[in-house]
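**Q** Next come the chains, spelled out residue by residue.
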Amino acid sequence: MTIATQDTSTEWDYSPALDSTKVTIEQKNKLYIGGKFVSPRSRAWFATTNPATEKKLADIARAGKADVNAAVFAAKTALPKWSRLSGSERAKYLYRIARRIQERAREFAILETMDGGKPIKESRDVDIPLVAQHFFYYAGWADKLAYAFPGASSSPVGVCAQIIPWNFPLLMASWKLAPALACGNTCVLKPAETTSLTALRLAEVFQEVGLPDGVANIITGEGDTGRFLAEHKAVHKVAFTGSTEVGKLLMRQTAGTGKKRTLELGGKSANIIFADAAIDQAVEGIISGIYFNQGHVCCAGSRLFVEESILEEVIHKLTRRLGSLRVGDPLDKNTDLGAVNSKEQLKTIERYIRCGVEEGAELHQTNTSRLPKKGNWCNPCFFTDVQPSHTIAREEIFGPVLSVMTFRTPEEAIARANNSPYGLAAGVWTNKGAKIFEVAKKLDAGIVWCNTYNKFDAASPFGGFKESGFGREGGVHGLRPYVRLGGV
Amino acid sequence: MRHAIDTVMVEQRAASFTRRSIKTDSKQQGLRLALSMIDLTTLEGKDSPEKVRSLCHKAVTPWEGIIEPHLPSVAAVCVYPSLVKVAKRALEGSSVNVASVATGFPSGQYPLEVRLNDVVEAVSDGADEIDMVINRGAFLSGCFDEVADEIAQVRTACGHAHLKIILETGELETLENVRLASDIAIQASASVGPIADGEVFIKTSTGKVSPAATMPVTLVMLESIRDYYEQTGVRIGMKPAGGIKTAKQALHYLVMVKETLGNDWLNPHLFRFGASSLTNDVLRQICKQQTGHYTATYDFSEA
Numbered sequence: 001m002t003i004a005t006q007d008t009s010t011e012w013d014y015s016p017a018l019d020s021t022k023v024t025i026e027q028k029n030k031l032y033i034g035g036k037f038v039s040p041r042s043r044a045w046f047a048t049t050n051p052a053t054e055k056k057l058a059d060i061a062r063a064g065k066a067d068v069n070a071a072v073f074a075a076k077t078a079l080p081k082w083s084r085l086s087g088s089e090r091a092k093y094l095y096r097i098a099r100r101i102q103e104r105a106r107e108f109a110i111l112e113t114m115d116g117g118k119p120i121k122e123s124r125d126v127d128i129p130l131v132a133q134h135f136f137y138y139a140g141w142a143d144k145l146a147y148a149f150p151g152a153s154s155s156p157v158g159v160c161a162q163i164i165p166w167n168f169p170l171l172m173a174s175w176k177l178a179p180a181l182a183c184g185n186t187c188v189l190k191p192a193e194t195t196s197l198t199a200l201r202l203a204e205v206f207q208e209v210g211l212p213d214g215v216a217n218i219i220t221g222e223g224d225t226g227r228f229l230a231e232h233k234a235v236h237k238v239a240f241t242g243s244t245e246v247g248k249l250l251m252r253q254t255a256g257t258g259k260k261r262t263l264e265l266g267g268k269s270a271n272i273i274f275a276d277a278a279i280d281q282a283v284e285g286i287i288s289g290i291y292f293n294q295g296h297v298c299c300a301g302s303r304l305f306v307e308e309s310i311l312e313e314v315i316h317k318l319t320r321r322l323g324s325l326r327v328g329d330p331l332d333k334n335t336d337l338g339a340v341n342s343k344e345q346l347k348t349i350e351r352y353i354r355c356g357v358e359e360g361a362e363l364h365q366t367n368t369s370r371l372p373k374k375g376n377w378c379n380p381c382f383f384t385d386v387q388p389s390h391t392i393a394r395e396e397i398f399g400p401v402l403s404v405m406t407f408r409t410p411e412e413a414i415a416r417a418n419n420s421p422y423g424l425a426a427g428v429w430t431n432k433g434a435k436i437f438e439v440a441k442k443l444d445a446g447i448v449w450c451n452t453y454n455k456f457d458a459a460s461p462f463g464g465f466k467e468s469g470f471g472r473e474g475g476v477h478g479l480r481p482y483v484r485l486g487g488v
Numbered sequence: 001m002r003h004a005i006d007t008v009m010v011e012q013r014a015a016s017f018t019r020r021s022i023k024t025d026s027k028q029q030g031l032r033l034a035l036s037m038i039d040l041t042t043l044e045g046k047d048s049p050e051k052v053r054s055l056c057h058k059a060v061t062p063w064e065g066i067i068e069p070h071l072p073s074v075a076a077v078c079v080y081p082s083l084v085k086v087a088k089r090a091l092e093g094s095s096v097n098v099a100s101v102a103t104g105f106p107s108g109q110y111p112l113e114v115r116l117n118d119v120v121e122a123v124s125d126g127a128d129e130i131d132m133v134i135n136r137g138a139f140l141s142g143c144f145d146e147v148a149d150e151i152a153q154v155r156t157a158c159g160h161a162h163l164k165i166i167l168e169t170g171e172l173e174t175l176e177n178v179r180l181a182s183d184i185a186i187q188a189s190a191s192v193g194p195i196a197d198g199e200v201f202i203k204t205s206t207g208k209v210s211p212a213a214t215m216p217v218t219l220v221m222l223e224s225i226r227d228y229y230e231q232t233g234v235r236i237g238m239k240p241a242g243g244i245k246t247a248k249q250a251l252h253y254l255v256m257v258k259e260t261l262g263n264d265w266l267n268p269h270l271f272r273f274g275a276s277s278l279t280n281d282v283l284r285q286i287c288k289q290q291t292g293h294y295t296a297t298y299d300f301s302e303a
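First to last, the protein sequences are chains A and B.
So the first sequence is numbered by the working numbering: it starts at 1 and just counts up by one.
So the second sequence is numbered by the working numbering: it starts at 1 and just counts up by one.
Since the hints were derived computationally from the structure, they do not count as laboratory data.
Keep in mind that a hint or two might mislead.
Unchecked claim - In silico DSSO-like pairs for lysine-lysine, Cα to Cα no more than 27 Å straight-line:
hint : chain 1 : residue 1 : chain 2 : residue 2
1    : A       : K333      : B       : K245
2    : A       : K333      : B       : K288
3    : A       : K76       : A       : K92
4    : A       : K347      : A       : K248
5    : A       : K374      : B       : K248
6    : A       : K81       : A       : K22
7    : A       : K373      : A       : K347
8    : A       : K22       : B       : K23
9    : B       : K248      : A       : K333
10   : A       : K22       : B       : K288
11   : A       : K333      : B       : K23
12   : A       : K373      : B       : K288
13   : A       : K333      : A       : K455
All figures in this text were calculated on a predicted structure; none of them were measured in a lab.
Could you put the whole structure together from the sequences, leaning on the hints where they help?
**A** Structural data, given as structure tokens:
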């Protein structure tokens, strides 16, 4: 007997609760270079749309080579003064940025949701608070670098090129900018082409707090813009978050240039559930592991390993819980899953779902939310009867699609979890403390969550092993990629 | 069987219900629903027949003001056994039930015979529902059979009266204990004979121990009810009691019930609030929703 958690009858349900705050968006969004918003020398623009409605939101400047030159030049010019500023002075700016983001949090959250498709619940409760936390956290480090690297003297790396993805647009901007600025570097940041709006609004905050011109520049554009930026001769450091494919390309392009690099790439993270786990709570962990942000999460728990003896129970509970998720208008405060970020990504996800079915896995699409006609929508789902050799068990889908597999012993669970080119994150669920430590230390993953999943904190280092990249963001470890260490 | 419960994730899930946004129609409907689920309660040494009579009047007609559509009555009035007769007479002809705490409420630290007599007398005085307390001493010393056996005997003593089993979760402390006690209470009631939907409730607290009802505790109990329903098809009721004072909190609980057990449980036969001050806040919010402005506290009667 099953409980229908989503009832279409006339019984008690939640009325639409749209966030009604009005946010104005400029029709033409210029580049932020040297402390000013400037029109692109390339004279080229491209449209950004709301993925939930497919309506055009605004035009965004497409930065060409000359624009990239100008941005890098601005950063280079600003470097000497900024890097010589005392840590406590730099901290003041970062604190101001953090506070201003908190003051404008609602506006940022709505803009993030309109441009990216993620539910307002997440941009409001997760993304934007973490953005502010990140600036606060690294503001705290700015005058304590001597304690971060005892016995060594640290100096900034220089001009940093930072290229970020579309899944957590403003959060990724803060992960890149906050530690770089705290350490005395200057930056040129390029947001992803589908989600530029919040980064540009962050530039407004920079103006408001009086951040010296050229210290942080934001240029928009597509892949080419990113490539020009990463290859630029005056850039000392490239920090990239995105796909493994592009990460490899960047490595080749910058090989032998002496540029410092950090890459945070893809993942196919394992979520392991032992029979002695708290099952109802583990199911919550599965849900937040794979369906958070429509599965557009590099550390998503996209491979689920369940101990064979509890498979039936877990599938039953997962099916029921999946049914209770509310998919729809991202601006509705009761929405759990929003729109897929772009048409292109939707096609990719759909291709993987077809591939899973063709290779013989069983598809479970048990959510009955009525999806809007317009927009990029994907019904969240999971697959059972998945073999480790299946494409859906090996490749990163970056969507709300889970592959469920089984294991019988801890050794088998560890071996299967580690059998992946990626090594970003993992989850372990068991009620036995000793087992947690035993398993967690054998997992080849940069982050291991125990009896929880997708927990983020500015004080905690984030980053992967193997093809998931290198370098850490967050925590004291997040400072390391942005300093040169010497002995004085 | 003992269920593993992870406190951190239970708290995270419980908090997620408080982030649902209940507005306009669903708020109006939810508030009226909450009102109809209240067990209006007075459990004090100073309770008098007059106090109980006035409480009963409020139970039937929560507010004298004019409001359309008509406000529902609350579900029941909950009193000490000595006042059951008074309540029964005052509620005659209404839809409101008389609930009586019994079994040596709130501590239950009396001989079993005394506790069972307590139940028998309350029922013969006219109680429609009995709110019993479990033997926490026995539970915490691991004598689960004793706890179960006593619950079974109380259910037998109830006869036709419905039974609510108070776990006093504030004294059980851990969520694993809460889950175990819930399972024991349900199984023990079932051991006596078939249970009709809503004939047996599990209830968090007496209201005399802090903490009383919390959302994580209630969630764990709801999950026990859900698992039992999925095994047997029998619907056990749920009653959080103590500490739920505002309309907003009540809506959060309704969200939790809806998303854990489904709409089937969203009625007074299967879900109750044990509360006293909640009623007036719900009334205030209903008036605010319909008239657009808040009424003064003195517009609503005390009891």
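**Q** With reference to the structure, classify each hint as holding or not holding.
**A** Taking the hints in turn, this is what the structure says about them:
no.	hint	verdict
1	A/K333 <-> B/K245	holds, 24 Å
2	A/K333 <-> B/K288	holds, 22 Å
3	A/K76 <-> A/K92	holds, 22 Å
4	A/K347 <-> A/K248	holds, 23 Å
5	A/K374 <-> B/K248	violated, 35 Å
6	A/K81 <-> A/K22	violated, 39 Å
7	A/K373 <-> A/K347	holds, 16 Å
8	A/K22 <-> B/K23	holds, 19 Å
9	B/K248 <-> A/K333	holds, 16 Å
10	A/K22 <-> B/K288	holds, 26 Å
11	A/K333 <-> B/K23	holds, 11 Å
12	A/K373 <-> B/K288	violated, 37 Å
13	A/K333 <-> A/K455	holds, 21 Å
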